[in-house]
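Engineer: Reminder that position 83 of the sequence shown reads as 83 in my numbering, one-by-one numbering, no gaps.
It cannot be assumed that every hint is accurate.
Pairwise CB distance ranges, derived in the manner of DEER restraints [said to hold, decoys possible]: (1) V43 - A13: 41 to 49 Å; (2) D60 - A5: 29 to 37 Å; (3) D60 - D7: 28 to 36 Å; (4) A74 - V43: 43 to 51 Å; (5) R45 - A70: 33 to 41 Å; (6) E62 - G84: 28 to 36 Å; (7) A31 - R4: 33 to 41 Å; (8) R88 - Q29: 30 to 38 Å; (9) R88 - D47: 28 to 36 Å; (10) Y9 - Q32: 18 to 26 Å.
It is worth saying that the hints were derived from the structure and are not from the lab. A virtual CB, placed ideally from N, CA and C, is assigned to each residue, including glycine.
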Amino acid sequence: ASARARDAYAALARADAALALLRTGLVPQAAQSFEASRSAYEVGRLDFTDVLESQMRLLDVEVRAERARADRHAGWAGLEAVVGEDLRWPRSERSS
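All chains should be modelled from the sequences, with the hints used to inform the complete structure.
Structural biologist: Written out as structure tokens, the structure reads:
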């Protein structure tokens with residue numbers, strides 16, 4: 001049972017780390033890139049297809065963040081299943 005608990009915790013930790021990277025790094029970077037490309041398009045420095053590609057990259061990263069969030073919730077549920085009781089989310093993560 002302790003090996004299962006370690007595995008469940010490791011899965012939760014991986015999902016949590018992936019989500020943190022996406023939320024704090026990749027999503028903001030992609031959003032900034034999209035805004036920059038949109039601004040460049042508005043002044044004639046980029047083609048519309050470049051703006052669309054930038055927006056698609058942003059949407060892709062946002063989808064990856066939501067998948068990581070779902071993976072984290074699944075990891076939490078897996079940990080609860082292993083320990084056999086409901087666990088409380090950390091206060092800062094309840095709405096995430």
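Engineer: The structure should be examined with respect to each hint, and the outcome stated for every one.
Structural biologist: Do the hints match the structure? See the list:
1. Separation of V43 from A13 is about 45 Å and conforms to the stated range, judged on CB atoms against 41 to 49 Å.
2. Roughly 34 Å separates the CB atoms of D60 and A5, a value that falls within the hinted 29 to 37 Å.
3. Separation of D60 from D7 is about 29 Å and conforms to the stated range, judged on CB atoms against 28 to 36 Å.
4. A hinted range of 43 to 51 Å holds for the C-beta pair A74 and V43, which are about 45 Å apart.
5. In this structure the hint that R45 and A70 lie 33 to 41 Å apart at CB holds, the actual value being about 38 Å.
6. For the pair E62 and G84, the beta carbons lie near 35 Å from each other, so the given range of 28 to 36 Å is met.
7. Checking the proposed 33 to 41 Å range against A31 and R4 shows it holds: the Cβ atoms sit about 39 Å from each other.
8. Against the hinted window of 30 to 38 Å, the Cβ-Cβ separation of R88 and Q29 comes to about 33 Å, which satisfies the hint.
9. Our hint of 28 to 36 Å for R88 and D47 is violated, since their Cβ atoms are close to 51 Å apart.
10. For Y9 and Q32, the hinted distance range of 18 to 26 Å is not satisfied, since their beta carbons lie about 34 Å from each other.
Figure legend: structure checked against the earlier numbered hints; hints not met, in rising order: 9, 10.
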